[in-house]
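Visitor: Listed here are the chains, written in short residue letters.
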Amino acid sequence: MRENYILKVENICKSFSGVQVLKNVNFNLVKGEILGLVGENGAGKSTLMNIISGILSKDSGSIYLEGKDFNPSDPMMAKDRGIGFIQQELNLFSNLTVAENMFIDNFPKKGKIVKQINFNKIHKDTQKYINTLGMSFASNTTIENLSMGQRQMVEVGKALFRNAKIIIFDEPTTSLSTKEKDKLFKIIKELKMNGTTIIYISHLLEEIYYLCDRIVVLRDGEVKGKNLTKELTKGKVIKMMVGRELHKLFPYVDKSIGDVLFEAKGILNDKVKDINLFMREGEIVGLFGIMGAGRTELAKALFGIDEIESGEIYFQGREINPITPINCIKNGMAYITENRRYEGLFMTKSIKDNLVSVYLDRLVDNKLKIINKKREEKIVEKIINNLNIITYNENIQYAQSLSGGNQQKVVLGKWLILEPKVFILDEPTRGVDVGAKYEIYNIINNMAKNKAIILFISSEMEELMGTCDRILVMRQGELVNEFGKKDYVQEAILRAAIGERV
Amino acid sequence: MSGNKVVILRKNLVNYFYKYGIYSYLILLILFFSLQTEQFTTLNNLINILQQAAALGIATSGMILVLLTAGIDISVGSVMYFASCLAGIVISRGMGLIPAILIALIGGGVIGALNGLAVAKFNIVPFIVTLATMSIARGLGLLVSRSKILFFFDISKIISVSRFLGIPVVVYLLIVILITVNFLLRRTQFGKQLFAIGNDKSGAEKMGINVERKIFIAYFICGILAGLAGFISSAQVSAVTPAFAIGNEFVVISAAVLGGTSLFGGKGNILPGALMGVIIVTIIENGLNITNASPYAYPVVRGVVIFIAVMVDSLKNSGEHLR
Numbered sequence: 000m001r002e003n004y005i006l007k008v009e010n011i012c013k014s015f016s017g018v019q020v021l022k023n024v025n026f027n028l029v030k031g032e033i034l035g036l037v038g039e040n041g042a043g044k045s046t047l048m049n050i051i052s053g054i055l056s057k058d059s060g061s062i063y064l065e066g067k068d069f070n071p072s073d074p075m076m077a078k079d080r081g082i083g084f085i086q087q088e089l090n091l092f093s094n095l096t097v098a099e100n101m102f103i104d105n106f107p108k109k110g111k112i113v114k115q116i117n118f119n120k121i122h123k124d125t126q127k128y129i130n131t132l133g134m135s136f137a138s139n140t141t142i143e144n145l146s147m148g149q150r151q152m153v154e155v156g157k158a159l160f161r162n163a164k165i166i167i168f169d170e171p172t173t174s175l176s177t178k179e180k181d182k183l184f185k186i187i188k189e190l191k192m193n194g195t196t197i198i199y200i201s202h203l204l205e206e207i208y209y210l211c212d213r214i215v216v217l218r219d220g221e222v223k224g225k226n227l228t229k230e231l232t233k234g235k236v237i238k239m240m241v242g243r244e245l246h247k248l249f250p251y252v253d254k255s256i257g258d259v260l261f262e263a264k265g266i267l268n269d270k271v272k273d274i275n276l277f278m279r280e281g282e283i284v285g286l287f288g289i290m291g292a293g294r295t296e297l298a299k300a301l302f303g304i305d306e307i308e309s310g311e312i313y314f315q316g317r318e319i320n321p322i323t324p325i326n327c328i329k330n331g332m333a334y335i336t337e338n339r340r341y342e343g344l345f346m347t348k349s350i351k352d353n354l355v356s357v358y359l360d361r362l363v364d365n366k367l368k369i370i371n372k373k374r375e376e377k378i379v380e381k382i383i384n385n386l387n388i389i390t391y392n393e394n395i396q397y398a399q400s401l402s403g404g405n406q407q408k409v410v411l412g413k414w415l416i417l418e419p420k421v422f423i424l425d426e427p428t429r430g431v432d433v434g435a436k437y438e439i440y441n442i443i444n445n446m447a448k449n450k451a452i453i454l455f456i457s458s459e460m461e462e463l464m465g466t467c468d469r470i471l472v473m474r475q476g477e478l479v480n481e482f483g484k485k486d487y488v489q490e491a492i493l494r495a496a497i498g499e500r501v
Numbered sequence: 000m001s002g003n004k005v006v007i008l009r010k011n012l013v014n015y016f017y018k019y020g021i022y023s024y025l026i027l028l029i030l031f032f033s034l035q036t037e038q039f040t041t042l043n044n045l046i047n048i049l050q051q052a053a054a055l056g057i058a059t060s061g062m063i064l065v066l067l068t069a070g071i072d073i074s075v076g077s078v079m080y081f082a083s084c085l086a087g088i089v090i091s092r093g094m095g096l097i098p099a100i101l102i103a104l105i106g107g108g109v110i111g112a113l114n115g116l117a118v119a120k121f122n123i124v125p126f127i128v129t130l131a132t133m134s135i136a137r138g139l140g141l142l143v144s145r146s147k148i149l150f151f152f153d154i155s156k157i158i159s160v161s162r163f164l165g166i167p168v169v170v171y172l173l174i175v176i177l178i179t180v181n182f183l184l185r186r187t188q189f190g191k192q193l194f195a196i197g198n199d200k201s202g203a204e205k206m207g208i209n210v211e212r213k214i215f216i217a218y219f220i221c222g223i224l225a226g227l228a229g230f231i232s233s234a235q236v237s238a239v240t241p242a243f244a245i246g247n248e249f250v251v252i253s254a255a256v257l258g259g260t261s262l263f264g265g266k267g268n269i270l271p272g273a274l275m276g277v278i279i280v281t282i283i284e285n286g287l288n289i290t291n292a293s294p295y296a297y298p299v300v301r302g303v304v305i306f307i308a309v310m311v312d313s314l315k316n317s318g319e320h321l322r
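Residue numbers (numbering that gives the first Met the number 0), protein chains in the order written: chain A, 0 to 501; chain B, 0 to 322.
Derived by calculation from the structure, the hints in this document are not laboratory data.
Some clues are possibly wrong.
[Claimed, not checked] Simulated pairs of lysine-lysine, DSSO-like, Cα-Cα distance not exceeding 27 angstroms:
no., chain 1, residue 1, chain 2, residue 2
1, B, K156, A, K114
2, A, K223, A, K233
3, A, K164, B, K147
4, A, K348, A, K372
5, B, K156, A, K109
6, B, K205, A, K108
7, B, K315, A, K123
8, A, K7, B, K205
9, A, K264, A, K238
10, A, K270, A, K223
11, A, K114, A, K164
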């Protein structure tokens, strides 16, 4: 049966700045099958596909395509060897026509003295692919006039046109309507009939079960299961996706939870639908959901970064009105974005400058608004000691030269100086190593112990279960479920997040 | 829902203005100036306008190549000056027309290549690069001319007086260049790839397009055409003064943007867009001239024209780039 494998992946390893993302990944792809690739956010699916399609290079391991060694150094090379990768972000030029997009890197030309594009040929060829895919638009339509589903079909056409033997779809249905989804599935099945091999990545098990012959489950960069779809129940798949044990990874702190102090009522905008939530003094509330569930959008709405159509926020019995970032900060709220590189830190400023950046107006104590250096020094020293930020000199060292964990601690420290009472943390431990994670959990616990309220957004269920008093689950912009500390069951939470009843 | 309707209505209005607005604008201008003075609508003046438009139109064609890549070249005015100085020196040494044109093209090409290299290879922001070369080219021009006025007497006759079928030769030259660049953009791989780069540079790289090379070529051609435009323009006035073509880059940019080229990159055309834009800009200057408007009003009017053109451009493109 060996010859039947169109692609063999052996012992692939990959790490980013010391964090191992893929660990000895092995799997095979049978010619003409549809393989479903599932896993939690950050399980390594995209990294694996990026390696196969030449966007990233692997650290070690080997890949064989049709029995021959396959080591693409760039995406073009992978394309030439027959790998088509349809990413979530489509690679189309919206100002050009469908036909021009198909041939942009190498147009067929005519004319002896002056080489000009042979438009007749590109339109004829393109129309052929459009028709094969059962679409009805013309080849000279500009991309910006096509719907998302139609654009995706153009990508499929591009892959077919390049004689792709393997087509990888990365979450292709996130921006499609139901109708377009059905059409895409029909096309994928037809592609299979014509001998094309498909790798299909999705969070939605329904889709996987509808389409795929086999399922590979990735967890923490390792393959946790490769079975025929019919041999696996959905419950088993979910178990393989999460099935970790809670190690003693999470610090415990003795604290008391008080009365409800923060309340949001009917928060509504185009991203979040009628959210009601409350949080108690000293409570750590987790917010879980798959990518695109609207967690960050909710945080932005609560903090006044995104406009809301309706809704009210009350803190300590008083309404925060209007809901703007400035007003929220005034009322003792703080928000740490998931994008600490771009939004949370001045990368080319010293650690000290970063730490005091939101505190400056309280460091001036005279009419000339000159900063009191002594107080500045004192407060910076205190926060560095409290958070155990490791630096050789906080006055000189730039934020950009810190490790991910220490950077995150600086971001936390910056807001901690203000002693906020409501703290929204969006993925505070992403890209941070285990040791630093533990310290960040400690910081969070201590804040809660000092009676702060914490809304902890994360894609890692484990850490939410380890640190939070309560977990809220979002799906498609709605709060769909709530779990108290006693009811934490990984599978149940994941099911709520992906909307799967088993 | 009604908010949505307003948005759609606004979008339609903007679209309408974007598509046909330029023609209405042109007609309004012609009406306005012909009511001000009878001189405006004479055949002589119309030919005059075309003649004045020639140099500007040639420089605008080059600028559009750069704008398409989402870049900008503000050294054009200085390059025009530098190239004319070189040509002026060649002429003053009695070396004739052809060497003068060649040296102007080479001078423009060198600065253009410098721009292209810095932007494409070293990834420096186009505005800053060309701000530097704007100063460099102007300075080089002042150096080689010793900041004196250079005269073009003999050559100017060939360039500005000679006509074919009653139309000045420079107008033919303008038409040839417009048609060539139009062909380049609409019918060649190079042109289409410029559009792709302006739309999504990293996407173009992923598709295997040699982005660096195409961007370099765009700036290179822009420099050469600016050199040519400088030569024609100075030959028409038969002299190069140290203040020659100062601020011309903005006239050229506003002509391009008026003609539908976007400062955000990826959108633009030569025929009819650039032609229309250049004619409008020229009519405004010509009209101000023959209605004896104060010369100090020119920069004000130029500024207003740029402002309106750029505002329409960002209205048209708002939302699209925020996807």
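Visitor: So if I understand the rule, the pair passes when the alpha-carbon distance is 27 angstroms or less; does B:K315 with A:K123 pass?
Guide: 32 angstroms, violated
Visitor: Given the proposed pairing of A:K114 with A:K164, does the C-alpha separation stay at or below 27 angstroms?
Guide: Violated, because 32 angstroms separates the two Cα atoms, which is more than 27 angstroms.
Visitor: Mind checking the alpha carbons of A:K264 and A:K238 for me, to see if they're no more than 27 angstroms apart?
Guide: Since the Cα atoms of A:K264 and A:K238 sit roughly 35 angstroms apart, the hinted pair is violated (cutoff 27 angstroms).
Visitor: Hey, A:K223 versus A:K233, does the alpha-carbon distance stay inside 27 angstroms?
Guide: 14 angstroms, holds
Visitor: Is A:K164 within 27 angstroms of B:K147, Cα to Cα?
Guide: 69 angstroms, violated
Visitor: Need the status of pair A:K270, A:K223: alpha-carbon distance at most 27 angstroms?
Guide: Since the Cα atoms of A:K270 and A:K223 sit roughly 34 angstroms apart, the hinted pair is violated (cutoff 27 angstroms).
Visitor: Does A:K109 sit within 27 angstroms of B:K156, going by the straight-line distance between their CA atoms?
Guide: This hinted pair is violated, its Cα atoms lying about 41 angstroms apart.
Visitor: Verify the proposed pairing of B:K156 with A:K114, using a straight-line Cα cut of 27 angstroms.
Guide: Violated - the C-alpha atoms of A:K114 and B:K156 are around 37 angstroms apart, more than 27 angstroms.
Visitor: Given the proposed pairing of A:K348 with A:K372, does the C-alpha separation stay at or below 27 angstroms?
Guide: Roughly 17 angstroms separates the two Cα atoms, so the pair holds.
Visitor: A:K7 and B:K205 were given as a pair; does the straight-line alpha-carbon distance stay at or below 27 angstroms?
Guide: Holds, at roughly 25 angstroms.
Visitor: What's the verdict on B:K205 and A:K108, does the C-alpha distance respect the 27 angstroms limit or exceed it?
Guide: Given that 27 angstroms is the threshold and the Cα spacing comes to 22 angstroms, the pair holds.
Checked against the numbered hints given earlier, the structure breaks hints 1, 3, 5, 7, 9, 10 and 11 and satisfies all the rest.
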